[in-house]
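Take the given structure of chain A and dock chains B, C and D to it, following the hints.
Number of protein chains: 4
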Amino acid sequence: MKKPSVKVAIVGASGYSGEELVRLLLNHPHAELAAVTSRHYAGQTVAQVFPKFASHPKSKAVRFTEPNADLLAKQAQIVFLALPHGVAAEYAGPLLAHGCQVIDLSADFRLKSAELYREFYAHDHPAPDLLNKSVYGLPEIYRAHIQDALLVASPGCYPTSVLLPTIPLLRAGLVQPHGIIADALSGVSGAGRKAEVDYLFCECHESARPYSVPKHRHLSEIEEQLSLAAGSHVTIQFTPHLIPVNRGILTTLYLAPTRGLAAPNDNPALNLEIRDCYQAAYGKEPFVRLLDGKALPDTKNVVGTNVLELAWRLDPRTGRLLVMSAEDNLLKGASGQAVQSMNIMCGFPETAGLM
Amino acid sequence: MKKPSVKVAIVGASGYSGEELVRLLLNHPHAELAAVTSRHYAGQTVAQVFPKFASHPKSKAVRFTEPNADLLAKQAQIVFLALPHGVAAEYAGPLLAHGCQVIDLSADFRLKSAELYREFYAHDHPAPDLLNKSVYGLPEIYRAHIQDALLVASPGCYPTSVLLPTIPLLRAGLVQPHGIIADALSGVSGAGRKAEVDYLFCECHESARPYSVPKHRHLSEIEEQLSLAAGSHVTIQFTPHLIPVNRGILTTLYLAPTRGLAAPNDNPALNLEIRDCYQAAYGKEPFVRLLDGKALPDTKNVVGTNVLELAWRLDPRTGRLLVMSAEDNLLKGASGQAVQSMNIMCGFPETAGLM
Amino acid sequence: MKKPSVKVAIVGASGYSGEELVRLLLNHPHAELAAVTSRHYAGQTVAQVFPKFASHPKSKAVRFTEPNADLLAKQAQIVFLALPHGVAAEYAGPLLAHGCQVIDLSADFRLKSAELYREFYAHDHPAPDLLNKSVYGLPEIYRAHIQDALLVASPGCYPTSVLLPTIPLLRAGLVQPHGIIADALSGVSGAGRKAEVDYLFCECHESARPYSVPKHRHLSEIEEQLSLAAGSHVTIQFTPHLIPVNRGILTTLYLAPTRGLAAPNDNPALNLEIRDCYQAAYGKEPFVRLLDGKALPDTKNVVGTNVLELAWRLDPRTGRLLVMSAEDNLLKGASGQAVQSMNIMCGFPETAGLM
Amino acid sequence: MKKPSVKVAIVGASGYSGEELVRLLLNHPHAELAAVTSRHYAGQTVAQVFPKFASHPKSKAVRFTEPNADLLAKQAQIVFLALPHGVAAEYAGPLLAHGCQVIDLSADFRLKSAELYREFYAHDHPAPDLLNKSVYGLPEIYRAHIQDALLVASPGCYPTSVLLPTIPLLRAGLVQPHGIIADALSGVSGAGRKAEVDYLFCECHESARPYSVPKHRHLSEIEEQLSLAAGSHVTIQFTPHLIPVNRGILTTLYLAPTRGLAAPNDNPALNLEIRDCYQAAYGKEPFVRLLDGKALPDTKNVVGTNVLELAWRLDPRTGRLLVMSAEDNLLKGASGQAVQSMNIMCGFPETAGLM
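Residue numbers (this note's numbering), protein chains in the order written: chain A, 6 to 360; chain B, 6 to 360; chain C, 6 to 360; chain D, 6 to 360.
Excised from the complex, chain A in its bound form (with noise of 0.2 Å):
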């Protein structure tokens, strides 16, 4: 019995996202990765352009392509985009039109506002139309929603180690939707596969910084996402900063709960129904590890895999709940949650390619 199978294209596979997507893709047991393109390597075979993966058998018959939205729908029946935003949204429309699916890794279709897209973007939205028609590529929140989705919208990597987090508590209405604070550690990688001085090698190693105070463009869709979560307009303080890894974010989230604590040790009940919580949310998810015991994330533990970690911790000094996650910015933070959402998307094993 021959293997489901679908194919597949990358639009914009020259960045470190698109080479993940390369990697899960042609890996995959059940897509066949029919196109790639990149205006730069146009021309170029797998294997020349991605050295580490010239010994898999197909990356010398695969070759780089200009990107033809005509061409591709004719190629695939699901199309990734790993394009910069702005640019995503003029390849997203003629698709859809042409009968594939779109996977966009962009920030393009992730917000329902174009005013918000404004805010954040500083360009009007290029097709504000099909805003309405994306479904958020969360697979642990949305996964009904992906499976019969046209347009999935692969979230940002930061808003994944934020949103997964805090969703589930927000819904159980188990910690305050206003005062939240995210305060995140992100890998080189994180800022993409451009020549800017700011990312060689010597600006960042031996180096430890915040940037984009206080208004990260994430904000936006992390903003938007606890809204829905928490059924009121949700403001946060978001803090990235960089440092000297390749891969991972580490985010340190700090709740209020709705109830207090009370000093001078942790309150067993409440840790019970944060643990329920999580429990129910994620005890089944393959891609979701709750950590127990002492044990604190750690992206050493996640690089690599399309995992996040997450535990917590009660503080009864302080009032507050701490959770931290650990994941890998380009999988579970980018391309290994699109693939996630394209093994949904076809009823393949949501597993499928991944493990």
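By construction, these hints were calculated from the structure, which means they are not laboratory data.
Given the structure is predicted, the values throughout are model-derived calculations rather than measurements.
Take the hints with a grain of salt, since some may be wrong.
[Unchecked claim] Over 12 Å on every C-beta distance to chain A, these chain B residues come out as not near it, computed from the model:
hint, residue
1, Lys57
2, Lys117
3, Glu145
4, Arg264
5, Lys289
6, Pro354
[Claimed, not checked] Sample of chain D residues facing chain C (criterion: CB under 10 Å; computed from the structure):
hint, residue
7, Lys220
8, Leu255
9, Asp303
Note that the Cβ used here is the ideal one computed from N, Cα and C, for glycine as well.
Frame of chain A; chains B, C and D shown alone:
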């Protein structure tokens, strides 16, 4: 005219802080390094233990000895203790009795309260009668007291990165004393030169992780000092993270201004007040650098120096004040600051040997 | 139809090589990980010891035990030994006597000569009678012998990086057997998960250093194997260096072609001969990648894979042939290669579980 | 009594070598930094361009200007050129004509032969008449010539690491001039502050790779200098590798003693001769550290200093002499050495501003 000079000794000079003390004091224009001790390296010269100092003319002349308070008191006027907590106190008493001045880099004399010490360090204080004689060695805050001190408790690395940004604001009543959050990133040298698996290269490289959540020992001295500045008991949230750099601490502080911000733009009046507050506190301090314009702290700009970098942002979206600081954990966070105290105690220029 | 499958065990699974073996065998389509042992971790599950594998369905089911040859022989058909040299031999004999097949990752069975072992490992060989029964587990060279082997001595990390580039050239008589120099750079995982100050993060980061100069232990197996390939006794120069990466070995080999080069340009005829020699040896090998064009080996292109990358340059200025190789020291240099041998021994596809 | 002092300028001060020159000259007891130029940063202060120097009292007073030889000649007596090759020569001529002394850190005046320059740098030499006026700025070798030089060509980073270990042995006839191999590892700052993808953090971190094999440009000056030392034409093998450290070069040299070694132990007599040779050459040099005992060079022991570390081993197994050196590529390999030359030219203590 001969330069004024003081004989100094370092007890426990084999760790990373001790090594930096050796470097600073070997090169100090007014200090003569009369003795260095280490049980482990007794008998070896500084050149043998620290090959990187072997080109210094004095490195072959100074030899490590077993620590002996009676002997040290004859050799040096000022003795630096770079020992584990609990052990430092054993040396401080005898040295003071002999008439030495002591600069202790451990936690033993940083707290005023022996109970607090017991709570955070899990054993009784070994010399509680000395607690009231010690001066907390944060020169920008306690310069006048350090001038006459016999026993200086040099602050911890994390506390320095939290206290310098926060104390002026609390003293001026610009921020609320409750609800403060300090989220900090530290290089691995903060863990000391200990042969433990957790600090092996392969366990730290490509890793970012929180630890000691939610009750790190440094909380005790941070809260004691902030309470003094606020005039009321302060409890804070403090989350340390380990990141793969050799040196450097980057701390992000979340504070609540005492009066609200007027959205949607930031509050120019409050911004000026904060600027004036910091200018008054640190405008003439050689070792605090107030960043202006778009600059944010970066550990790579302070590593190797005794400088703490500081920047702040008001966030009109959340009403919070963010203050970010960067320092070298082994210099402004340990040995550099200890030498700064020595300069004050001896009447040397405060920047001597530190620029 | 059920897939063919073999029960396997790992003795000494707590180091870096052991950890990689656990990962490879947990995910191997034809292997069932029946037992893992570690004196240190006995009683804990794989999920507890290696948090990064905790999302694997079997990680909570497999529990570390004390090593016991009798018991292991009942649990597994193939036993991997990831133990220090000297210790491995204690287990190999009893396991073989019980009818197990043994793949040893230590140095204990790599040499044919017990005297050479004594010279380089500074103690008598613990089981000299087994030396002639072992097969050197370099599949590209000894595939046919591995097929029938009961005891495979999996090669060292450095030797693999030297032997694969050199053996075909020596066998073909293209390079002289004397005067060979191998200059190699290794990531810190090569030192194992040992709590020693030398391998602390701060001692390795921003450091590059030679070690074991001029007589590293791996010389013994390199020279024995090169002598076999050359048909005469070969003595080489081998200089290992430690560099601050987690994984990867980059080896640069300096060889003398048997016939001279004609300056000023390189020698097209000899170049073709070398290319043909490598093509004949490795053109169809899944785990050796011959680079062409301007490409040179880079450890980042092989880390995480079982592939060795190889490129060469003739230098008409000096008459030398340079061959450069890159591999993952824990995979092609250790655990990946051991699993490759297992695949051969069991008649599985050689790439099973390794792509 | 006022200290003697000289006015200095730096042309092209925005790269990594330029930055180090700024640091050294700002802090130099006998130099007054009168001008720094950079087309890119003209108009900004040193404090703005290099935040890490912003605490230096002079950093806000010194402002970058457009480079202009006429103006520079009025401002400074000694002008450092930290420009790309080809460009440096355009400034050297006019500055010399105005009576300045020039210390050039580029490759423009390191070679005596304009043909060799054309062969290795792929364009005609822009000022061949100046080649004979320049002195190769390796103080330990050419101190007397530097003393009277008007134009110093400061050596390249790799050449320094090869020449200092090799020249005394060649001069003494202890090693053969042919067959020399230099295998070198360099930190990424060696590539300069260039916005190229190859030097991005993610392309270098967890990577080790050879480059410019087999004909790196630095070969030209290495061979010219070794030929002068040997009294005959020397051709060497030189293989540079890029490793993920900010700073540091580690070079391993393979040399053939002129008389054979007597196995099985090393040759005590030859060993003593080598020691005496190095002692005679460098025993009193402040910036060459001869390691003894079991110590081997380590870049972490020299980074941040102007010292080159050196150790050697005779290998009785192969008959070769291995010499290993470590230096900071930006200091002894560039800016530190340039300042050392300045000290000699001006009659300052040679270590002024460099300890």
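Results of checking the hints against the structure:
no.	hint	verdict
1	Lys57	holds, 17 Å
2	Lys117	holds, 19 Å
3	Glu145	holds, 22 Å
4	Arg264	holds, 18 Å
5	Lys289	holds, 26 Å
6	Pro354	holds, 30 Å
7	Lys220	holds, 7 Å
8	Leu255	holds, 4 Å
9	Asp303	holds, 4 Å
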